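Peer 1: Sequence:
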Amino acid sequence: MLTPKQNMLEVIRGGNPDRFVNQYEAVQLLFHPYSFSSPLLQKGQENVVNAWGVTNTFPEGVPGSFPVHTPDKIVVKDIEDWQEYVHAPSLKFSEEQWAQIKETMWDPVDGEQAFKAAFVAPGLFEQTHHLCEITNALMYYITNEDEMHDLIKYLTEWELELAEGICSHLHPDAVFHHDDWGGLDSTFMSPAMFDEFFLDPYKQIYGYYHSHGVDLVIHHSDSYAATLVPSMIEMGIDVWQGCMATNNLPELIAKYGGKISFMGGIENRAVDFEGWTDENCEKVVRQICGECGNKYFIPCIAQGGPGSVYPGVYMSLCNAIDKLNEEQYGIKASESTRLPWQIMF
1 MLTPKQNMLE VIRGGNPDRF VNQYEAVQLL FHPYSFSSPL LQKGQENVVN
51 AWGVTNTFPE GVPGSFPVHT PDKIVVKDIE DWQEYVHAPS LKFSEEQWAQ
101 IKETMWDPVD GEQAFKAAFV APGLFEQTHH LCEITNALMY YITNEDEMHD
151 LIKYLTEWEL ELAEGICSHL HPDAVFHHDD WGGLDSTFMS PAMFDEFFLD
201 PYKQIYGYYH SHGVDLVIHH SDSYAATLVP SMIEMGIDVW QGCMATNNLP
251 ELIAKYGGKI SFMGGIENRA VDFEGWTDEN CEKVVRQICG ECGNKYFIPC
301 IAQGGPGSVY PGVYMSLCNA IDKLNEEQYG IKASESTRLP WQIMF
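1 is the number of the first residue of the sequence shown in my numbering; add one for each residue after it.
Everything labelled a hint here was simulated from the structure, so no lab data went into it.
Misleading hints may appear alongside valid ones.
[Stated by the list, open to error] Within a straight-line C-alpha distance of at most 25 Å, the following computed DSS-like cross-link-like pairs (lysine-lysine) qualify:
| # | residue 1 | residue 2 |
| --- | --- | --- |
| 1 | Lys295 | Lys255 |
| 2 | Lys43 | Lys73 |
| 3 | Lys259 | Lys295 |
| 4 | Lys283 | Lys295 |
Note that the coordinates shown come from a computational prediction; the quantities given were computed from them, not determined experimentally.
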């Protein structure tokens, strides 16, 4: 039997996987010093200001935190003078800080079982609308192109410095990078506009990771983004995580499989709600796996990390995939295929 990591590689290479990859079983999301200098919010926290000056809140009943954009909390007050408001956090961490995180978090992960994936969030687009407010940001892409190009260049240079620190100290074999590019059934901007602002910056960022020992770039966007898949491929994205069923995944797999793989298909709205049931989770798993198969596709909850809004949903999906694997491939879940971070949820 293949290890989870080996099996995932067979899936994304179009080889001979011996079962469906079970959500995040082959990807361990890991942090770095910056993660702790500007930590992610926990459920229930409100009005927490991060290292960029963005105020965030994380109410109960939602998959993640989001910025608060009352007029007094918008960071960029005037896009023409954005340099006065945007000040990148320092990435000058001591060797001791890097070493401690590597020893306590990275080294214990068995790299034969799973990819050691550096977690980076938010991405370039999200950071612009976190700083500016989303309606303002989308308007600025039209009315203030030069300023937005300059702001994205500034953010890109910061991300490249972060990538240098991560690669030289932690040596990941994957990066898991967030940046939501659309809603349920449309992208936030046209492919042409998207390419104008983000194609080259992401080619720089993902190109750096690939050229410094990172095998897989996994990009999270739990959205519709089918029209951006050619750009994802050109950027160097290996796996699009978060792809919703609204993207017509069987069609995308048939058209682009071998150039990029798709990790998702299980939308939170379909399984993750008050009154959820194991029966419904299994129904959704069977439907998406039947439609997509196990080459170039990994069944996974769409949200950008292992877990769910309602406790138990993620584990129910894992169990449903295990059941399907036993029926179709004769492989029964065991301690060797269910890794510790899966058991947590």
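Peer 1: Can you confirm whether the C-alpha distance between lysine 43 and lysine 73 stays at or below 25 Å?
Peer 2: OK: lysine 43 and lysine 73 at ~20 Å, within 25 Å.
Peer 1: Does lysine 283 pair with lysine 295 here, judged by a C-alpha cut-off of 25 Å?
Peer 2: 20 Å, holds
Peer 1: Starting from lysine 295, check that the Cα of lysine 255 is at most 25 Å away, please.
Peer 2: Satisfied, since the Cα-Cα distance of roughly 13 Å is no more than 25 Å.
Peer 1: Verify the proposed pairing of lysine 259 with lysine 295, using a straight-line Cα cut of 25 Å.
Peer 2: 12 Å, holds
No hint from the list above goes unmet by this structure.
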